[in-house]
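K.L.:
Chains as they are written, first to last, in this note's numbering: chain U, 1 to 100; chain H, 1001 to 1123; chain C, 2001 to 2339; chain R, 3001 to 3504.
Everything labelled a hint here was simulated from the structure, so no lab data went into it.
Some hints could be false.
What the simulated footprint calls covered on chain C by chain R, stretch by stretch (three residues with Cβ under 8 angstroms from a Cβ of chain R suffice, anywhere in the stretch; the number is not a length) [unchecked claim]:
{"id": "1", "stretch": "2106-2115"}
{"id": "2", "stretch": "2163-2169"}
{"id": "3", "stretch": "2219-2231"}
{"id": "4", "stretch": "2274-2287"}
As a list, the in silico EDC-like pairs of lysine to aspartate or glutamate whose alpha-carbon atoms are at most 20 angstroms apart [unchecked claim]:
{"id": "5", "chain 1": "R", "residue 1": "Lys3161", "chain 2": "H", "residue 2": "Glu1069"}
{"id": "6", "chain 1": "R", "residue 1": "Lys3161", "chain 2": "C", "residue 2": "Glu2188"}
{"id": "7", "chain 1": "U", "residue 1": "Lys72", "chain 2": "U", "residue 2": "Glu2"}
{"id": "8", "chain 1": "H", "residue 1": "Lys1119", "chain 2": "H", "residue 2": "Glu1069"}
{"id": "9", "chain 1": "C", "residue 1": "Lys2258", "chain 2": "C", "residue 2": "Glu2188"}
{"id": "10", "chain 1": "R", "residue 1": "Lys3115", "chain 2": "C", "residue 2": "Asp2195"}
{"id": "11", "chain 1": "U", "residue 1": "Lys72", "chain 2": "C", "residue 2": "Asp2195"}
Virtual Cβ for every residue (Gly too), placed ideally from N, Cα, C.
So the chains spell out like this:
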Amino acid sequence: MEFLGIILLIFVIICAISVSLTKDLLTALVIFMSQSLAMAVIWILLESPDLGITEAAVGAGITSLLLFVTLKKIHAIDIQKASEKESRKEEAISDGENQA
Amino acid sequence: MDFLQNYVELAAMVLFGIGFTTLLLHKNMIKKIIGFSIMDNAIFLFLAAKGYIEGRTAPIVVDGVQTVEAYINPIPAGLVLTGIVVSVSVTAVMLSLTIRLYRRYHTLDIDEITALCRKEGEE
Amino acid sequence: MAKIRPDYETSWFGRLMHWLENGSTALDDAMTDEMDAHSRDHLVDSEHHHATQEHALEERRHAALEREQRMYSSLHQWASTKGSRLMRWVYIVASVVMCVGIIALLLNTAANLPPYGDPDNPVNNEVSAHYITQGQAETGAVNIVAGMILDYRAFDTLGESNVLFIAAVTVLVLLRLAPSRDGKPTTEMLEAEADDRLYEPKHDMILQHQANLLVPLILLFGIYVVMNGHISPGGGFSGGAIMGAGLILYLNAFGFRKTERFFTFRTFQIVSLMALAFYACSKAYSFFTGANHLPSIFSPGTPGMLFSAGLIPYLNIAVGLVVCCTMYAFYTLFRKGDM
Amino acid sequence: MMELHYALWQNIPFACIILPLASAAFTSVMKPRLARWWAMAVLTIVTVLSGVISAQYLLGAESYVFPMGHYYAPIGNEIRAGALEALTALFFSIIMLLSLMGGMKKLDEHIDGNKQNLYYVILLLLTAALMAQVYTNDLFTSYVFLEIMTLAACALIAIRKRGRTLVAATRYMIMNLIGSGLFLLGIVILYDLTGHLLMESIRGQVAQIAATGEYAQPLTVVIALFVIGLAIKSALFPFHTWVPDAYGYSTPTSQAVLSSLVSKGYIFLLVKIMYRVIGVDVIAATGIDDVLFVFAIAGMIMGSLSALRQNDVRRMIAFSSVAQIGYIYLGMAMGTEAGMMAAMFHLFSHAVCKSMLFLAAGGLADASGNSKLFRDLRGAGYRSPIAGVAFTIGALSMVGFPFLGGFVSKLNLALAGIALSPVKASIVLVTLAISTMFNTMYFLRTVITLYRKPLDGASYPVEKGQRGFCFNAALVLLALINITLGIFSQTVVNMITAGLGMFG
């Protein structure tokens, strides 16, 4: 148990640092979600199953859902995709030009 | 080795520091909110670790055994349950504030928003 | 005001009166003083040069304006280039220093605390021993945590459900779009609706089939967790969140048209009102009878049965309903500002 | 009739908490007009009940604990009533009621039609949270109700639909989340050290810890976390940046409630923690009260200086709040009984005064074409006479004019300061003098502006929809309370002293 616990704690800390450092909001959000899931497991290891269920339902479930819908509302997800598509299109065009 | 004896608490404190700094110093609202969640999670982790006792099981009465030596401390778990509800409520309120701010100012940067708001003037 | 000293504007009294009337900030002061000085110089001049008065006045004014603009633009430029870069550095350094400092302080604190997992810690005192040994007999709940939060420390939990309630109210205040005075939807509402439609999946077969399978299971599991809160891990809050998640999945698969048939704003209001009112009233009753040593109509019952443990299962159901409705309401309000 | 274990009046604290809490749920489905009268009725009942319990303590009742449930603490939750709690509850409920009365007319204008009843829900929940905060005897309960207060305050700011209030609410929330995070961490570490959440039990344990010195470092960190967390929440000087926007641009009732109740609720909690959880002597041994002393002094000066520079009367009052919070913390940081008494008295007099100033400023601005700038306020005292007089009384009280509440609190503060060591005493007196001078400058300037001739050619629209009876009545009552506080100050001082004695 102790071994698994320590690994999970390190994982949680790494997640927290990378959430703080990533530029991309969607990535940060997914990392945060996985951090919540790891927390749920840690709570089971700490013999608090009530907390494990609650964290899995709330931290990884509801909070992340609310964050996702917020990102959608502020078009952070779509804008990224759009800009990605745009850049890919530009790349394709420049490639075509080069070939020509 | 004595220093690492409280390793769960130490991890919780590191998490708290990271969350606190993200909440205080990150300019992006979403990052701030995630930082707040991490900070609260760290406090709850700390609290839950305080209730844990080596070699005992969760406080759910099995086979009518009701001796103190059988179960871990139930109080921290109850407090953390209450705390998680508070945390998710606050997160929802912060997120709705973010949506409203974005609808008005089209940015998530709190400094930029403040500057835009100043520029907007009185009414 | 017959006589005014020529240097009235710069005299102490003049400045005081100016401040009394208009108030000022430091930058404004500097600017107005400068401009005043210019116009006053000009006035003295103009007594001699009536002919060029208009022209000179214009010129002075232009010069002053230009100077002001230059001042502002240089300020802005500094702020937007060097200033912001400097600030960013200060920010980064400050954040790193603060983060390290706080973590170091707290780590030192944590290392000095009572050891982890030790049964002799101050935390494991007579209170927790009482909960473990007497909990089942006094509250009737097999899950000691549930017995503790819904009976021994019920006041906290009453506060907690009201935190959720006020969060729902705040989100309503912030996000609910108001129809115009004559009851017609405003352009803002229509925009939000259109924006939402744009991203709604339209008859996604995979999603709908999955949802058909999963939603009943999720709801059933949520109900199970709520109803067994006093026997097994879980309880009103986690079960309510699970049910809310099930409803959200249903909404995402089938759209607002379907959910509006059974869940409108009115449903949300009525359900949360009933649940919260039941919660507050039953707790008020139990606090009052408990404090005044009156007999209560609720008894612990047989531990382990579904309807045992006095009020606890009913309270769990109330909390579950509130949480389920609130979570669903959060989601819909976030999406389109209404339900 | 069954025999009650407690006398009927001893059930009042419980009723004061549960009544607004339960009625808030019902308010959420009411029509705005009904909700308004319902909220007024509930607040009136709470005020009357608090009056009854205060009267009991005036007649010399003893403090007692009241279990919330079947079990006495430390097994269950409990609340505790004493003279100071009763008095604070009375002041809080009166000010809540009068602020609602005074700003009622403006609510229709500032809030969307389908959200008006929500405003009353928020106010009722805030009342319940304040009452719980005042009476509770348990640290974790106080944290839960602290969060209700924070969220309610955020809603009170943001309910007025404008960009500025939105930004103000966001900044407010960010600072307050940091504050509550630190506060919660403090509770958790303290729980770990002592194993209790009940205030009295913690105090016994803390005394032991301080005596043995085993956990001295964590204990210092805990005290620092409590003090910093609550100082951020109540806007002590270096953490006050969110104040002017949050107080300045919301609707008048919100301004009055935020500045005079919410921040005072946090301060009252800190006083309770100092006296009943940690113990004043333990705090003094760590030296944290000296840090608080410095911040309080800086706040008194800097707040007044910032207030001097404002063009907008509401922002000026908001910055003046920062200075006044500094006064309260100064009394608390002295670490003596007299200092704490002065701080509590100032808490009351400032709460009464600030709500009156904010309401009156709203009325004056209404009479000046809805402008809050000084140049437009000229002559507003003639256009809206009652608001003008109320503002003048409030300003005089702030400045420390005899026979008003502010005078007594400044006098008490100075007297408490003289009793300290010579260096501290001189610092206190000099700062009081400087701050009072600044106070006089910016408040009298406003009063003079109110009674000057309007600018030539300025025309003011006839006040549409007279602010009406409720507004005037609220201002008159607040002014009367202020004068009463000045004249019958000895009664209040005696009650505070008795209450602090019961704390020990």
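K.L.:
Now tell me if each hint is right for this structure.
P.N.:
Quick rundown of the hints versus the structure:
no. : hint                    : result
1   : 2106-2115               : holds (count 6)
2   : 2163-2169               : holds (count 5)
3   : 2219-2231               : violated (count 0)
4   : 2274-2287               : holds (count 8)
5   : Lys3161(R) x Glu1069(H) : violated (57 angstroms)
6   : Lys3161(R) x Glu2188(C) : holds (14 angstroms)
7   : Lys72(U) x Glu2(U)      : violated (40 angstroms)
8   : Lys1119(H) x Glu1069(H) : violated (65 angstroms)
9   : Lys2258(C) x Glu2188(C) : violated (23 angstroms)
10  : Lys3115(R) x Asp2195(C) : violated (24 angstroms)
11  : Lys72(U) x Asp2195(C)   : holds (10 angstroms)
The structure fails to meet hints 3, 5, 7, 8, 9 and 10 from the earlier list, while all remaining hints are met.
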